[in-house]
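Asker: Fit chain B to the known structure of chain A by using the hints.
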Amino acid sequence: MSSLVDRRLSGKNRSAVNRQRFLRRFKGQIRKAVSKAIAGRKVADLERGESVSIPSKDMKEPFFHHGPGGRRSIVNPGNREFVSGDRVDRPPGGQGGGGGQASPDGEGMDEFTFELSREEFMDYFFEDLALPDLVKKQLLAIPEVKKVRSGFVSQGNPSNLHVVRSMKQAIGRRLAMGAGPREALREAEAALAELEDRGEGAGSEADDLREQIAALKARIAAVPFIDTWDLRYANRSDQPQPTSRAVMFCLMDVSGSMDESRKDIAKRFFMLLYLFLTRSYEHIDLVFIRHHTVAKEVDEEDFFSSRETGGTVVSSALDLMNEIIRERYPSQGWNIYAAQASDGDNWDDDSPYCRELLVNQILPLVQYYAYVEIAARDPQSLWHAYEQVSAASRRFAMQRILTLEDIYPVFRELFKRKATA
Amino acid sequence: MSETDSDKPGDRDQPLLLSESSEWTFELLERYDSEIARIAAGYGLDTYPNQIEVISSEQMIDAYSSVGMPVGYHHWSFGKQFVATQKGYRRGQMGLAYEIVINSSPCIAYLMEENTMTMQALVIAHASYGHNSFFKGNYLFRTWTDAEGILDYLVFARNFIAECEERHGEEAVEEILDSCHALMNHGVDRYKRPTRLSMSKEKARQREREDYLQSQVNDLWRTVPVRDTGEKAKKRARRFPPEPQENLLYFIEKNAPRLEPWQREIVRIVRKIAQYFYPQRQTQVMNEGWATFWHYTLLNHLFEEGKVTEGFMLEFLQSHTNVVYQPPYHSRGYSGINPYALGFAMYRDIRRICESPTEEDRRWFPEIAGSDWRKTLDFAMRNFKDESFIAQYLSPSLIREMKLFAVVDDDREDKLEITAIHDDAGYRGVRQTLADQYNLGNREPNVQIWDVDVYGDRSLTLRHFMHDRRPLGDTTLEMLRHIGRLWGYTVRIESVDEGGEIVSVGECAV
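First to last, the protein sequences are chains A and B. Okay, so the first sequence: first residue is 97 according to the numbering used here, each after it adds one. Okay, so the second sequence: first residue is 3 according to the numbering used here, each after it adds one.
Same shape as in the complex, but just chain B:
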């Protein structure tokens, strides 16, 4: 099917408008959805089946505060989020999120009942076709998440945690969850493929795992004296873990000596959920940009076909413009680069390079200049994350348009230095710096499990590998307390700078 199918001249003769009033009804939602679906298919968007749910604003606050999990276990931090959102919404300080979309199959998108027809159409295009196709296509999501299994897994997790609360008390469960949440950003093996999640398997394996894990742990900590002294010495010389471990939650789940089986399972649940959200943290610009690009393209297409009124487009463009507004660095409202704005601009720019490349584009992007834009965009969406996407596709023309410039803040210098701006000498510098900025490895401190004193006091040593001399923040001691709670013995952390010098940062005796 090609895009021109829907543009037959004959179509224009019929009364085409889908609706004129701003009120929505379920029939209208259906008609808009099927129109948008038709156009999206025409552009070759491949999506999971959609489930569109209409909810009230209270329910939206609920959904919003359970951080995008349609089924969540109970925890005070979600309550805090709820209270904050509710307050903001009641006072009119903030509108609610336009949409919440769940990476699952079917892909669930929420529409708020208060919205106008235009906004509903915008959300359907944005979430149910934009985000949805990204979830299905992008390699990180394909690798790390299982859209079919997640809902089942969340149900399993909630039931398991509720059961634990009943058996061991809410307080005890809350303590473990607090500590696990603190480590949520350190629950992923970046270089290993995860196994798929599913409730049936989880349930079947959970009990098995309990016994097995406990036996493993016990084996590790066996204190029966070793007969041969030579072997003992050899054992002592062997480090544990043999290699530093970056997945702190996994290490704790498998090796923490004093966790009960149910506590291990909770660590595992938090780890699995963290892993599910891991791709979202790495594809913010790409994902939001992609959804924004597609709601813009799809609704404009609807307009060109004469199916929506100018009033519809005006309302749509107004919200769209708000979403992709990028305040300049010197304005009061500036809080970093708006991922919607950057992503949207980049996809449009790639389309421009494909459709009407300039001499400069041909020099910078010989392989895509003049190619089929839909194929190029599809390729970009599938095979990159923010960091590599920017490194690959940020064009000089867009750098000029956004007037990007790179600043270095070095605490050894008394002034900031502008290292690159939007000129010939600076394009590569700006592009590289921006790409690095989206590298999770740079954004978050690199903390790894370094050593366990297996034959001594069982203390755990973490090592922070410094990057550009950046130290750990002020929550480090509190973090050690959380890790200490999970580990059960003394935990300490040391920083290693690029020169290899080791500095002890803190210790938490248990």
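Bound conformation, chain A alone:
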């Protein structure tokens, strides 16, 4: 006799450990793949799991096997035109007649693709940025939710039982279940009254009616007062805590000296700020402003891909930002954040004007303004101008960046404030 066992509830993630070991072993390759994936993503689109591909030749497990060459015989099915002694060309791809060397687990493909969960993906993202653990935790946390009432359901736990609703259901059900018999009862009673009126109240017909009436009354009485079907429970569902809106301005210098690797650093810088904002705000607008001598508001694709030559006038971007804020984002309704990336080039005459613009016009309106200078050489005039701004305001942070690890310090104040709040 066979024994049947229901194992569905026992041990689901038996392979979790093996999966972790697999990820650990190919950490290097996966990190590369994640970097590539980040480059292809939008700033606001960071938090998804991702399918990453790593070269499958790196992860083959070796074993002794035959290489091509020598003499081999293979039997194939489905002969159409051959007779023995025929000599035919080798099929393209080398293998004589196929079959012989097909790998057993379908690893013939060049790329091994698999899914990373959101947490795993973010881990790899954070790793490059050298974030402190507390901040990582903060960024990964799911936004808080509030339980709100949302109607009634027929199943729930006893403590949520809604008495009034349940009684209401019961009344309806009793009415519906009793309707038929009550109708019949009325008819029978009317018929009986008629018989009695005619003085036939003692006849057998009247007795039948009385019996019928008694049965109907019993049936009506048997309709249960309350039944399991009637029970209603108050329902509560999760709703994200409503929070206010924010707008994030991304400003970037797109003059010729900003090359691809600098743009990549800038992108991660914007991503990190965005990620921080998603923790605190439910709705975030993104505004991309690129500039050389003139500034222009563009969509994200243009922002990261286009490149122009010419001089640099930073104030043009600040002017435009100022304009947009006043036009579309009145500061009482919006939390305004700004991140600026540049290689530090600016017309000398322009830098003092930038400082003035920031201190007098922009900083009073924004929550935080972060500036990174992605450059290896000595600071230029813009840096010195901004240093004065930084000294004057706590809302302003700046940093010179050479590698990805340098990004985080720009936001240190920001995250610190959040942590203590």
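Treat the hints with care, as some may be off.
To be verified - Okay, derived cross-link-like pairs now, SDA-like style, lysine to any residue, Cα gap no bigger than 20 Å in a straight line: (1) A:Lys123 - B:Asp180; (2) B:Lys417 - A:Arg183; (3) B:Lys138 - A:Ser99; (4) B:Lys274 - B:Asp148; (5) B:Lys377 - B:Arg40; (6) A:Lys156 - B:Val69; (7) B:Lys417 - A:Pro164; (8) B:Lys377 - B:Gly44; (9) B:Lys405 - A:Arg183; (10) B:Lys138 - B:Arg384; (11) B:Lys417 - A:Asp182.
Stated by the list, open to error - What the simulated footprint calls covered on chain A by chain B, stretch by stretch (three residues with Cβ under 8 Å from a Cβ of chain B suffice, anywhere in the stretch; the number is not a length): (12) 100–106; (13) 118–132; (14) 157–169; (15) 174–181; (16) 207–215.
Just so you know, the hints here were simulated from the structure itself, not pulled from any lab data. We treat Cβ as the ideally placed atom computed from N, Cα and C, and that holds for glycine.
Answerer: Chain B only, in chain A's frame:
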């Protein structure tokens, strides 16, 4: 009990259908199982007791990626398998395996909860009666595996390896496992009977063995100078090992000079598990064919008894047909011969030869034509492996039906040559070529331990005996690194062709 017992005319009068809907329940599974068991017993199938486990698809992915071990130690390669399976399944690129069945007693078969009643019945017939009876009957399984001991042994192995990870670190254990896995196909003595596996004995002997092994190894490598120079010369002339060894893992376990006792034990664990799977690699066609033949026969029998509906049969036949489909060599989806298709066709063909032999069958198979098909099939299942099974039973009629033909690919010729097709002159050629194709000895390179320089630098020399001039593949150097890690000293490999000429293929200095 004979097959006709269940066919009494009286049965037809009762409401016989086991179920009509495609939903399954545990009561239904039980009823189907007992019906199938009754019919299987009627056909004389001898099985281990069955344990049928219902699992979810996630658990199926788990089971699938631990390569059929119900209890497995941890290793990244299983994680890789898991990730690959999960991805394929989520994207709907592939269905999960219908069934996983463990060669153990009781014989464990997994049913997936998502399947319909029909599929569950198919899996029960296929795994719990088909594969199960094959595990119990086939001589290779009887010789090489111990169905009663394997679960205990796997538990022992997992605990031991977990303990090693704790004591020596995951990385160190992983390194050893990587190297052992690479040699898994070379962990069997093909001509020696193995000892039985069992946890109680393993545990009791493991510590003993540790001390003993270490002392053996030390003895072999003793470097105390030998007094008599004559004896020394004699010793040097003696080769070690005296005979070439094909069981690389065994040789390493017993003789590698620098392995720690726990490392030796891990080598042994991988070797024992490799040995457990060894019969499966040699009986793919026979085993899958047998299970397929029996699910087909058993479920058809159920239908003839009126116990299942036509809808049931249609669904069943659809999956069955998918399983035994053999694409022709010129189609896009062709990837070699489908073992299910070939095995199923061969068993059916043997039954046909027994029941209604033609003149040709009588000439080719005088000893089985017209015999009792159940006895003949049982004999075939018990006493063969793929290679000999094909050599013995592949009939001209089946060769014609499948339109089999043999091709030779010789790198000295600029064209492929068709050496035999499905005609009178070609039957034997096709049959022999196909049988050779399933010979493990031809499929895998023949690599053996050739020599150890005991009195010199302790280097190990492997020898690859070439067959049909086929060279080693591109992973050979990596393999040498793995062997070098286990051996602890320089490892080199040389190829010997049929003419006796020796070519050095590679060396890995440690």
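Asker: Would you mind marking each hint as holding or not holding in the structure?
Answerer: Tested hints:
| no. | hint | in the structure |
| --- | --- | --- |
| 1 | A:Lys123 - B:Asp180 | holds (17 Å) |
| 2 | B:Lys417 - A:Arg183 | holds (6 Å) |
| 3 | B:Lys138 - A:Ser99 | holds (18 Å) |
| 4 | B:Lys274 - B:Asp148 | holds (11 Å) |
| 5 | B:Lys377 - B:Arg40 | holds (18 Å) |
| 6 | A:Lys156 - B:Val69 | holds (16 Å) |
| 7 | B:Lys417 - A:Pro164 | holds (15 Å) |
| 8 | B:Lys377 - B:Gly44 | holds (13 Å) |
| 9 | B:Lys405 - A:Arg183 | holds (18 Å) |
| 10 | B:Lys138 - B:Arg384 | holds (9 Å) |
| 11 | B:Lys417 - A:Asp182 | holds (9 Å) |
| 12 | 100–106 | holds (count 5) |
| 13 | 118–132 | holds (count 4) |
| 14 | 157–169 | holds (count 13) |
| 15 | 174–181 | holds (count 7) |
| 16 | 207–215 | holds (count 4) |
Checked against the numbered hints given earlier, the structure satisfies every one of them.
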